[in-house]
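Each chain, letter by letter, is given below.
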Amino acid sequence: MSWVGDNLDLILQLTLVHLRQSVIPIVVGLLLSIPLGWVAWRYRLVRGPVIVLTGLLYTIPSLALLILMPAVFGYSATEEPNLMIALTIYAIAILVRAVADGLDSVDPDVRQAATAMGYAAPRRFFTVELPLAGPVILAGLRVAAVSTISLATVGILIGVTNLGYLFTNGLQRRIIVEVLAGVVAVVVIALVIDLLLVLFGRMLMPWAGTGAPASSKGSGSKRAIVRAAA
Amino acid sequence: MNLFADALAWLFSPDRLQGQYALPVLLGQHLLYTVISVAVAAAIALPAGWLIGHTGKGREIAVAISGAARAVPSFGLLVLLVLLLGVLRTPLAAVITFVLLAIPSLLAGAYTGFEAIDRRTVDAARAVGMTEWQIFTKVELPLGMPLLVGGIRSALLQVIATVTIAAYVNLGGLGWPIIQGIPLRRFDQVLAGALLVAVLALIVDLLLAIAQRAVVPAGIRSARPASDSGRRRGSHRAASAAA
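First to last, the sequence lines map onto chains G and L. Heads up: the first sequence at position 58 corresponds to 58 in the working numbering, and the numbers run straight through without jumps. Heads up: the second sequence at position 141 corresponds to 141 in the working numbering, and the numbers run straight through without jumps.
One chain only, chain G, in its complex shape (with noise of 0.2 angstroms):
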């Protein structure tokens, strides 16, 4: 344990390099989920094409992703930007779904009352659609931002340094509670985030989660949520 004593600062270090390779994939990743999702959902044409692409894209081994992308478009490999286009990659490839599955979950009669009510199309999106979608959403970007924390580590693989350094410099000098550290700290920040996310769906969401949908319509929501956290 003395180890961590000595090295607090490297890992304190490392966990904010950590938080900024991870947090702005996710938030980005949500920012071209919303349109992609909606696109997705809207379009019945487009969306087969784009659930496929999002899923192949999912399919692709992060090690190889962050290869092969660089390689692709010409950017340097073992750089920070390389690690984050990746991950915000993943972060699509989960939200773009979550969306299009929240609003899937849109009572259809709440839609149609909100146009009788003279709602314009996006008005109606932004204040009556994207809020109701919001708690399956938010089960999608829950699961992303765990998985993107954790999933940044493989970054030191390809040079980019983050908390998966404690993992490869602990292996090569056999210090088990450096590697100890590392995982802890991973899963303490993916835990926290997560919490945090939860925090902030209660506060944008009141309504969510404390079962006042009772209709059966309210409960399939409910399954999707389930099933986009799980």
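Don't read these hints as lab results, they were simulated from the structure. Please note: incorrect hints may appear among the correct ones.
Just so you have them, the derived chain L footprint on chain G, three or more residues with Cβ under 8 angstroms [what the hints assert, rightly or not]:
no.: 1; region: 67 to 75
no.: 2; region: 178 to 184
no.: 3; region: 189 to 203
Every value quoted in this text rests on a predicted model; they were computed, and no experiment measured them. Beta carbons are placed, not taken as given, at the ideal position from N, Cα and C, and that holds for glycine.
On the provided structure of chain G, position chain L as indicated by the hints.
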């Protein structure tokens, strides 16, 4: 695109079929680790998931465990287990890592498959006098099969992607040309390895996608009204995204 030509040249060089690190050997190792790990994980996760799905109890615990398991970085866990178990038991460390990785998807596939079944169907089965075991084998298993195969699909893909890092602790697999090539700046072999893993993942994904369609029981494939088909597709998607 010159790099791709180099990668293909490396891939199809006759040297790739010789020695300790011949490509067929590496592919065999990769598949062996994948199959063993997913099989062990299935032996643990499927009975547990079916129990959760059948009784409707313990889902919160399963979700919590899955969430926590997702937060553990596989690479870190692998290195940690290698150091704890010793160099001689590196393969065991790798299998444990991959088993833990595969469990959440398999668990989710098993219980969401049961939960997606219309309660009235299960009640009807009980009402016509089926025992719990008959309900399990004749109603829930077949109807839950598509989502279960979806879970197996994501588990396999995740494990295939992650077995790549096994090469970092000298276990071979298709990650070997990648991990060995990076410090040497041999980007032809790095890219070739990455391509091989990606192609393997895509082939397995395709096979499982076909299997997922094939296991939909004939009765619900034809009888389902058109309006409902979109929702069904949605639930399949969600299950594969779940992992």
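Here's how the hints hold up against the structure:
1. 67 to 75: holds (count 3)
2. 178 to 184: holds (count 4)
3. 189 to 203: holds (count 3)
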